[in-house]
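What follows is the residue order along each chain.
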Amino acid sequence: QKEVEQDPGPLSVPEGAIVSLNCTYSNSAFQYFMWYRQYSRKGPELLMYTYSSGNKEDGRFTAQVDKSSKYISLFIRDSQPSDSATYLCAMRETSGSRLTFGEGTQLTVNP
Amino acid sequence: DSGVTQTPKHLITATGQRVTLRCSPRSGDLSVYWYQQSLDQGLQFLIQYYNGEERAKGNILERFSAQQFPDLHSELNLSSLELGDSALYFCASSGGLAGTETQYFGPGTRLLVL
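Residue numbers (this note's numbering), protein chains in the order written: chain A, 1 to 111; chain B, 1 to 114.
So that you can see chain A by itself, here it is in the shape it has in the complex:
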């Protein structure tokens, strides 16, 4: 079983929709949670970075972490065609530096 599970999609939504992306994990030691966006043939770009449980908002993006359920989410409001990319969740233990990634969810926002 993988440490981090993420629905690979693909996910296709109309412009303006609210998008929900999710990951589950099994390692209780994960304390830092990130969402990266990766455009085709490019390197991952950090979108959101959260520590432990709770919510964090940045513009149209909201990250949620529920450690009791081992579940994290990324919400994108008013989605735009420019949001079309693969979204990767990533996690890290407190004591380590390596990131463990989900498979990534491919999102297409249609104009």
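Misleading hints may appear alongside valid ones.
[Claimed, not checked] With a straight-line cut-off of 27 Å between C-alpha atoms, the simulated DSS-like cross-links for lysine-lysine are:
# : chain 1 : residue 1 : chain 2 : residue 2
1 : B       : 57        : A       : 42
2 : A       : 56        : A       : 2
3 : A       : 56        : A       : 70
4 : A       : 70        : B       : 9
[What the hints assert, rightly or not] Covered by chain A, per the in silico footprint, the following chain B stretches (three or more residues, Cβ under 8 Å):
# : segment
5 : 22–30
6 : 51–65
7 : 73–79
[Stated by the list, open to error] Some residues of chain A that are not near chain B, with every Cβ distance over 10 Å (derived):
#  : residue
8  : 28
9  : 64
10 : 96
11 : 108
Derived by calculation from the structure, the hints in this document are not laboratory data.
Owing to the predicted nature of the structure, the values given are computational and were not obtained by experimental measurement.
Glycine included, C-beta positions come from ideal geometry on N, C-alpha and C.
Use these hints to put chain B onto chain A, whose structure you have.
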């Protein structure tokens, strides 16, 4: 632009060959990380160097090795290449040792083994 540079962008080689991938971290960053992204395995951590020393090892094959030089650039050496080594190889950098800082990723090197 993350500030992390990787060369070459593309590499095509044959099975059994050896290649070297190069990474220059962001200015001032001391930690360099190497990741492999393949279709079936996703993005996987290979190895971390901090200020010239190996600090963490992940799922890196014995045929692969890395080093970080005094000017902080890093090289990933892949030898006895197999078809299954075809993947995107990313380098990331961060300022410190623990990795609590953001890891910034380079544009990657796309390796195709024929």
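Would the pair residue 57 of chain B and residue 42 of chain A pass a check requiring their Cα atoms to be no farther apart than 27 Å? holds (24 Å)
How does the segment 73–79 of chain B fare against chain A when you require at least three residues with a CB closer than 8 Å, holds or violated? violated (count 0)
Given that the segment 51–65 of chain B was listed as covered by chain A, double-check it with a C-beta distance under 8 Å for 3 or more residues. It holds: at least three residues are needed, and the segment 51–65 of chain B offers 3 whose Cβ sits within less than 8 Å of chain A.
For residue 96 of chain A, is the shortest CB-to-CB distance to chain B above 10 Å, so the non-interface label stands? violated (7 Å)
Beyond 10 Å from every chain B Cβ - status for residue 28 of chain A: The claim stands: residue 28 of chain A keeps its Cβ more than 10 Å from every Cβ of chain B (closest is about 19 Å).
Could you grab the alpha-carbon distance between residue 70 of chain A and residue 9 of chain B and see if it respects the 27 Å cut-off? violated (37 Å)
Test the statement that residue 64 of chain A is away from the interface with chain B: the closest C-beta pair must be farther apart than 10 Å. For residue 64 of chain A, whose nearest Cβ neighbour in chain B is about 20 Å away, the distance exceeds 10 Å, so it holds.
Taking a Cβ-to-Cβ distance below 8 Å as contact, does the segment 22–30 of chain B have at least three residues touching chain A? Coverage by chain A is violated for the segment 22–30 of chain B (0 residues, Cβ < 8 Å).
Check the hint pairing residue 56 of chain A with residue 70 of chain A against an upper bound of 27 Å on the C-alpha distance. Roughly 17 Å between the alpha carbons, so the hint for residue 56 of chain A and residue 70 of chain A holds.
Distance restraint between residue 56 of chain A and residue 2 of chain A, which requires alpha-carbon spacing of 27 Å or less: holds (26 Å)
Closest CB of chain B to the CB of residue 108 of chain A still more than 10 Å away: holds (18 Å)
Checked against the numbered hints above, the structure violates hints 4, 5, 7, 10; every other hint is satisfied.
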